[in-house]
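Protein chains: 2
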Amino acid sequence: MADLFHEIDQCVTAPKGFRTGTTSCGIKSDAGIKDLAILVSDVPCTVAGVFTTHNLRAAPVLLCQERLKGGKAQAIVVNSGNANCATGQQGLDNAYQMTSFTASKLGIAEDLVFCSSTGIIGRQLPMEKIEAGIQQIELSTTDGNAFAEAIMTTDTHPKRMALEFEIEGKTVRLGGVTKGSGMIRPNMATMLSYITTDAAVEQAWLQQVLKEAVDDSYNMISVDGDMSTNDTCMVFANGLVDNTPLNAQHPDAPTFVQALRQITFKLAREMARDGEGATKIQTINVRGARNKADAVKAARSLTYSPLWQCALAGGDPNWGRIAAAAGSSGCEFDQNAFDIFVGETQITRQGIAIDYDQDQAHAAMAGDEVIITIDLHLGDGEATAWGCDLTHGYIDENSLYTR
Amino acid sequence: MADLFHEIDQCVTAPKGFRTGTTSCGIKSDAGIKDLAILVSDVPCTVAGVFTTHNLRAAPVLLCQERLKGGKAQAIVVNSGNANCATGQQGLDNAYQMTSFTASKLGIAEDLVFCSSTGIIGRQLPMEKIEAGIQQIELSTTDGNAFAEAIMTTDTHPKRMALEFEIEGKTVRLGGVTKGSGMIRPNMATMLSYITTDAAVEQAWLQQVLKEAVDDSYNMISVDGDMSTNDTCMVFANGLVDNTPLNAQHPDAPTFVQALRQITFKLAREMARDGEGATKIQTINVRGARNKADAVKAARSLTYSPLWQCALAGGDPNWGRIAAAAGSSGCEFDQNAFDIFVGETQITRQGIAIDYDQDQAHAAMAGDEVIITIDLHLGDGEATAWGCDLTHGYIDENSLYTR
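Chains as they are written, first to last, in this note's numbering: chain A, 1 to 403; chain B, 1 to 403.
Only chain A is shown next, with the shape it has when bound in the complex (with noise of 0.2 Å):
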C-alpha cells in the first residue's frame, strides 16, 4: 500500500484543475473567521454524492438532492455559522440564490453549482452578507487546506486528506475534506464532505463506490447520538487525467476504491477524535454477529451510549454497560454466548465474567485510543465502529450554543 498511494498536501486543490477561495463574510460574530468558501473544477465534474437521511433536511440538501439528478457539477459554495434549515421556502430561495450569485461570479451554468450550509438551525440567511462574500473570494490552485478550515464549526482542527496513485500508469489524486465534531452519528450528521479528483470517473458507479465508502466511515461513527439535518458528502471527478472513466469493469478500479475509502476512513476517525469534549477515541469492532446489518448495530450502540461513554471518559473497563449497550441495540443477541475484549484483555466468555487481569484491563481503558471487540458468537458477520467519550467539555460547548 505504501508503493500504491502517496499522501500529499492541500486536499482538495491537491488534483488537477480544481481551484478554492474562502472568505470571511459575517455570517460568525467573531469577525475574521472565515465562514464562506467556494470549491470549483475548471471543467464540468462528474458527480455524486450522499445525504442525510434526517425527516428535517435543510434547503441546502434539498437543492443538492435536485440537482444531483443531473449527474454533473462544476462548484459548490459552503458556509458555516448557519444551517439553513427549519427555515421553508425563504430558506429554499436563498439556497437558489446563493448558487445563483456563485454562478454569476465565477461565470458558470447555475444547474452546476451546489451549496451546503452549517450551523445553527431556524434562521434565515444574511443574503447580502453572503453575496458581498461571494463577490469578495478569490480563488487560488493551492489553498485547499484554506478551504478545510472556512468550512469548520466546532472542530478543533481542519480535517484532509490527499492521495496520490496511479491509474492506467497515468497520476491521478484524489483530495477529500471534512467537517464535523458534534451532533454526528450513524447515518451522518452535521458533517460536511468534499471530495475532488481529476480521475474520469462514470457517474452510476461513483456513485455506488461512494455509498459503499460512506455506509462504512463516516456512517459508523458517533458523536453523541443526535442525527444532523445538514450532512452531505460529495465527490466531484472532473476527468483532466484523461483515463477511460472508472467503472465496475476497469482494471484498476480496485486502485481508486482503496484510496477513496483510505480517505473516508481517515476522515471518519479524525471526525470521531474531534468529538466535542472528547478525550478519548473508541474503536469497537464486532465480529460473530447472525449478519452485518446486526454487527453494525451493535458496534454504533456503544457509540452512542451515554453510559458507556461515561466510562470510557473515567478509564473505567465497565463491561456491563458494552453488553447493556449491545444487548439492546436490537441486534441478535445470547446472553449466554458474546465474548467481551477490552484491548487484548479477555473479559468475558460466554456471557459471563472470567477471571481476567484488572489491571491490564485498566491500562487497556488509560489511553486516548481505546479498542473493544465484542463476539457474539452467532454467525460472520463483522463491522467497526468509531466514537468518543461523554465529558464535561461536551456539556460545556453545548449548553449556550444559541446566544
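Note that these hints are calculated values from the structure, not bench results. Warning: the hint list may mix true and false statements.
Since the list gives no way to pick out one identical chain from another, each pair is judged satisfied if it fits inside one copy or across any two copies.
Below 25 Å or equal to it, Euclidean Cα-Cα: the simulated SDA-like pairs (lysine to any residue) are [as the list claims (entries may be wrong)]:
#1 129 x 354
#2 292 x 330
#3 28 x 362
#4 28 x 316
#5 28 x 361
#6 69 x 336
#7 28 x 355
#8 69 x 334
#9 211 x 330
The model shown is predicted, which means the values in this text are computed figures rather than measured ones.
Given the coordinates of chain A, work out where chain B should sit on it, guided by the hints.
Only chain B this time, still in chain A's reference frame:
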C-alpha cells in the same frame, strides 16, 4: 379527584396485610447502607408484572417471568448493589436460591416468592451474605418507607406514594414504591417498582391495566437513553378487602385504574426529576402526530437527545435541536408544518421561526421544570414524555462506577 383519593403514608405497607423488612447485609461496600429487603403479604396475592425488553435480561427477571405464569405471588426479595445480570447459569441458580431462603424464612411456598436485583452487572451475588441477611430481616406492617430506601441505588431520595379510596363502599388502599435514576429510558431501565393493594382484582385485567399504566408513565421517561437489563414493575393484590374481584365490567374499575395511574405517573415523574445529575425536569407534550405511536416517538426523542439535554441544562431555548430530535425520531414529520412552544411561547409556525419574545422563551427555560409542546399538524396522535437535562453531575456519577 380530591374527594375520591386520599394520599396516605407508608406506601407498600399502607394496604392491609403487607409487611416489609430491610437490612444491610454487606452487598454494598459502604457498611450500614441498606441493600436487602423483603415485601410479603399475609395471604397469596393475584400478581401482574411487566419487565425489561432488553436482550440481556438479568437472572431475577427470568425468574419473575417464569413464576408470573402462575398468576400468584406472596413475597418478593430485593437486593441492591448487584444486578445479578450476565451471570449465566450460576446467576440463575442464585436467584432461585434467594427465593428459597426467603420462602424458608417466611414459611410459604417457594414458587410464590419472586426476586429482583439492581446494581453492577457481571458479578455473582455473595450468597452467604444474602442468606444471612434474609435470616436477620425483621418484618413490620408499618415500615414501607424503609423498604423504599433499601432498594435505592443512585437515587437521591426514596420514591413512594399511597392512596386510599373506595370500592363498593369499602376502603381500599394502593401503595407504590419505585427506584431508578440512571439508565432509564422508554421501555424501562434500571427501574424497580412494586405496587400493593388490598383490593381483590382479576389477574388478566390487572395485567392489562398495569401494562397500560406503565406504557403511559414509566415507559415515557428517560434519563440517558440507556436501557436496563433488570426493569421490573409488579402489582400484588391480596384481596383482603373482600370486594368482588375487579375486572373491566366492575362499576368501580375506573376508580382503581385512576388510582393506579396516579401512582405510576407520580413515581415516573419523580424518577425523571431524580435523574443522575439532573437539575431540571422536562415535560414534552406532542400533539397532532399521525397516530399515538408517532407521538410517542417524537416525545421520547427529546428525552434522550444529548444535544437538547445540554441546551436544557443551559436554559437555552435552542428550538432547532428540538426540531432536529423530533424530526429524526422516526415519526412522520412535515418540515413545513410543525409548531414548537417553549412553555407558553410559540417559537415556530409551519416549520419556521416566528418573531417570538426571546425573554419570555428564556424565562420558560430558566426554572427547574420546563414544558415543551410540539404540534406536528398531521393527525390526532398525542403523547407526553418526561426527562431531565444532561450535566457534569451525570458524567461524574457514571465515569467511575465499578471501582
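Structure-based check of each hint:
1. 129 x 354: So residue 129 and residue 354 pass the 25 Å test across copies only (22 Å; inside, 63 Å).
2. 292 x 330: Answer is both; intra-copy 13 Å and inter-copy 22 Å each pass.
3. 28 x 362: The answer is between: 22 Å across copies meets 25 Å, while 43 Å in one copy does not.
4. 28 x 316: Answer is between; shortest inter-copy Cα gap is 19 Å, intra-copy 39 Å.
5. 28 x 361: between (45 Å within a copy, 23 Å between copies)
6. 69 x 336: Between. Shortest inter-copy distance 23 Å satisfies the 25 Å Cα cut-off; intra-copy 49 Å does not.
7. 28 x 355: For residue 28 and residue 355, the Cα distance is within 25 Å only across copies (21 Å; inside one copy 55 Å).
8. 69 x 334: between (44 Å within a copy, 23 Å between copies)
9. 211 x 330: both (24 Å within a copy, 22 Å between copies)
The structure agrees with every numbered hint stated previously.
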